[in-house]
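There are 2 protein chains.
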Amino acid sequence: MELIKPLSIPATGTKLSPEQAMKLAISEAYKGATRVSPNPLVGAVVLDANGGFISCGHHEFYGGPHAEVNALKNLSSETLKGAHVFVTLEPCAHEGKTPSCAKMMAKLPLKKVTFGLIDPNPLVAGQGADILKNAGIEAEVFSSQNAEEEKEIKTQLEEVCEAFLWNFRKKKVFVALKMASSIDGQVALKSGESQWITGPQSREYVHYLRACYDAIVVGKGTIDFDNPSLNIRHPEIKKDNKVVVIDGEGELLYRFDELKLSQVHAAENIFWCVAEEAKERVDKTLSKLKKTPQIVYVKTNVGGDLDLEALLAQLYAKGLRSVMVEGGAMTASMFISSGLANRLYMFQAPIIMGSGGARSWTETVRISEMKNKIHIKNPRYLTFGNDFMITGTLS
Amino acid sequence: MELIKPLSIPATGTKLSPEQAMKLAISEAYKGATRVSPNPLVGAVVLDANGGFISCGHHEFYGGPHAEVNALKNLSSETLKGAHVFVTLEPCAHEGKTPSCAKMMAKLPLKKVTFGLIDPNPLVAGQGADILKNAGIEAEVFSSQNAEEEKEIKTQLEEVCEAFLWNFRKKKVFVALKMASSIDGQVALKSGESQWITGPQSREYVHYLRACYDAIVVGKGTIDFDNPSLNIRHPEIKKDNKVVVIDGEGELLYRFDELKLSQVHAAENIFWCVAEEAKERVDKTLSKLKKTPQIVYVKTNVGGDLDLEALLAQLYAKGLRSVMVEGGAMTASMFISSGLANRLYMFQAPIIMGSGGARSWTETVRISEMKNKIHIKNPRYLTFGNDFMITGTLS
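Chains A and B supply the protein sequences, listed in that same order.
Residue numbering for the first sequence follows this note's numbering, beginning at 1 and increasing consecutively.
Residue numbering for the second sequence follows this note's numbering, beginning at 1 and increasing consecutively.
All clues stand as given, with none of them false.
Below 25 Å or equal to it, Euclidean Cα-Cα: the simulated DSS-like pairs (lysine-lysine) are:
#: 1; chain 1: B; residue 1: Lys371; chain 2: A; residue 2: Lys190
#: 2; chain 1: B; residue 1: Lys190; chain 2: A; residue 2: Lys373
#: 3; chain 1: B; residue 1: Lys5; chain 2: B; residue 2: Lys238
#: 4; chain 1: A; residue 1: Lys371; chain 2: B; residue 2: Lys190
#: 5; chain 1: A; residue 1: Lys151; chain 2: A; residue 2: Lys5
#: 6; chain 1: A; residue 1: Lys5; chain 2: B; residue 2: Lys5
#: 7; chain 1: B; residue 1: Lys190; chain 2: A; residue 2: Lys190
Covered stretches of chain B (in silico footprint by chain A; criterion: 3 or more residues with CB under 8 Å from a CB of chain A, positions within the stretch not fixed):
#: 8; segment: 180-190
#: 9; segment: 346-359
#: 10; segment: 369-376
For the record, the hints were derived by calculation from the structure and aren't laboratory data.
Glycine included, each C-beta is placed from N, C-alpha and C at the ideal position.
Could you put together the complete structure from these sequences and hints?
Following this line, the structure appears as structure tokens:
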């Protein structure tokens with residue numbers, strides 16, 4: 001989330017190129033990052049007939065007004081005469097929780113609407129544009145005469161609503177993987193000691209990231225070693241989040257009542273994933289608990305581990321659309337090896353832990369030839385205090 | 001080298017704050033990076049009586065004019081009336097290969113000279129400043145009212161001549177360590193395959209770095225696996241460099257004539273480090289070679305490996321003042337473990353190689369408690385295409 005540096009809102013009348021306007025719309029879109037799921041992040045920018053900046057807006061929260069509505073509200077017909085609207089996603093044609101944006105804009109004296117991406121639903125793609133065209137408003141997909149800049153902006157446009165696009169295209173949960181390591185790739189000492197690798201600025205950003213996804217996923221090792229709260233602790237964000245624990249044998253379930261996790265979260269916000277085969281034992285354990293999490297039964301693969309693809313399908317069925325995997329080493333390795341991680345957030349602290357006495361986040365990932373190495377696509381680098389973070393897509 | 005983004009030279013008359021002037025002087029200093037060793041990198045900036053930019057200069061090559069001379073040349077007394085000179089290091093008081101800069105400046109109608117660091121030689125420290133003061137010119141060490149900025153600039157001032165300061169203070173070789181890894185810290189597959197991890201922009205920068213140090217250091221494994229040329233291949237740099245090979249048993253010496261290394265470099269530019277105990281065998285091998293490198297005999301430590309500290313002392317005795325260790329994994333680990341690396345250049349490519357089937361650059365580094373982790377101080381991050389590089393000091 002917030003894969004680009006936020007742009008500041010220009011003064012009224014500032015001339016913006018189409019590229020600048022679309023980048024500003026993308027920057028605006030990210031402002032909704034912690035509140036719109038499972039809707040897409042969308043941003044909009046309005047320029048006057050002379051290309052001067054008038055206003056901008058974004059989709060602020062799930063069920064709330066769309067970006068176009070927020071950008072265009074309180075503007076007079078006089079102001080909007082000949083105006084050009086830039087929006088990151090094709091304006092919606094249908095009435096859902098809110099009225100159709102295309103129909104709303106069709107009534108305004110706009111000259112043109114440029115949108116970043118066509119509606120991903122092939123059944124309605126182009127319908128928003130058609131409504132505008134029928135009202136005499138130009139409507140077109142964003143393009144640039146600068147091919148390199150167009151490519152970069154198109155990438156940013158896909159990124160800003162990547163979870164939504166993935167959900168829509170694949171009917172699957174979008175998986176982000178967050179890791180924090182030393183610069184030599186180690187995430188914990190062999191003793192299990194791992195706190196703290198990164199600094200306070202990185203850690204605050206991780207709490208922001210938690211709020212950008214529907215749930216946090218951890219393996220049982222993390223629960224066992226660290227007994228974490230896995231809630232969102234961020235000065236500007238108040239949000240209850242969901243937690244998914246992968247514990248095939250249900251080994252830690254008997255301790256559920258004593259875990260910080262169970263004290264901090266409502267029972268229905270905790271999804272405990274166990275093997276289908278463990279049902280009888282799990283039922284017995286649950287009967288002894290004061291509070292019980294949601295149990296997610298998952299089929300196992302040949303090796304006896306939970307089948308991660310099946311696990312994600314179950315989470316999708318339970319309404320989750322995006323998760324952030326937060327480790328530990330074994331869980332991260334499994335998601336990497338299985339090719340099920342979509343986006344990586346890799347924080348690195350300027351320290352060396354030494355692989356001779358520590359654990360790497362890719363300890364079970366084996367590559368036999370360089371041509372099979374795993375690429376992080378569209379990598380971006382951000383710094384947080386003395387740490388840095390690389391983020392990019394894995395699939 | 002070039003640890004900061006180069007600053008562009010401002011237009012004549014542009015007003016610069018003392019902080020801006022000193023940062024520009026530092027940026028200028030780096031321009032000499034590939035040609036001044038073992039002299040320090042030094043830069044100078046001249047502002048007019050109103051604080052407007054007049055000129056700048058740097059120490060361009062070993063034995064050439066000092067930064068102050070380059071910055072002040074061709075300027076009339078009229079122009080220099082009341083001028084303020086910023087220089088990264090105290091102007092020299094003594095006559096060496098070039099006349100004394102302090103004496104040269106004492107003859108000019110300057111108002112003030114601000115220098116970044118006092119001469120590291122305690123016997124002459126302050127003498128340059130005294131010469132100026134006796135001529136009625138204010139002379140002072142740089143300071144800023146902004147404590148944070150002062151700290152950052154002082155760090156940069158130390159960094160820009162770090163090898164020189166280390167040589168002077170410790171009478172030891174300054175050791176940079178360059179590594180290129182995947183983001184999970186792997187430098188080669190178990191098969192030995194490692195080309196290419198990083199992209200062409202990173203690799204070009206490595207050739208620049210090679211030119212910034214007196215010699216490249218590699219272990220025998222690198223020679224054995226890759227048979228590298230280890231010369232400088234950079235579009236803008238033409239320079240013969242020196243190479244140090246660590247091969248305690250002299251195992252690869254018999255193949256010396258066939259190595260690319262021996263074809264590309266003059267024999268006197270190759271330093272082959274072997275154990276004192278291996279002398280007899282080495283002599284026999286040498287007698288069979290057409291061309292023979294310089295042999296550096298080094299005492300061994302308890303484990304039978306070459307004692308790295310003794311090795312560096314030998315290189316210092318042979319006139320080397322700074323080296324860049326380029327691996328492989330074993331050699332890098334040894335320098336990290338022994339605490340003998342001063343600066344790290346860690347390139348990372350946005351790829352995952354998987355530690356399950358690869359080798360880490362810290363494979364023999366063992367840390368048992370987090371409080372003993374090794375810190376990279378004053379870390380800086382630079383990007384090269386899709387790669388990034390972290391650099392900072394280790395000791």
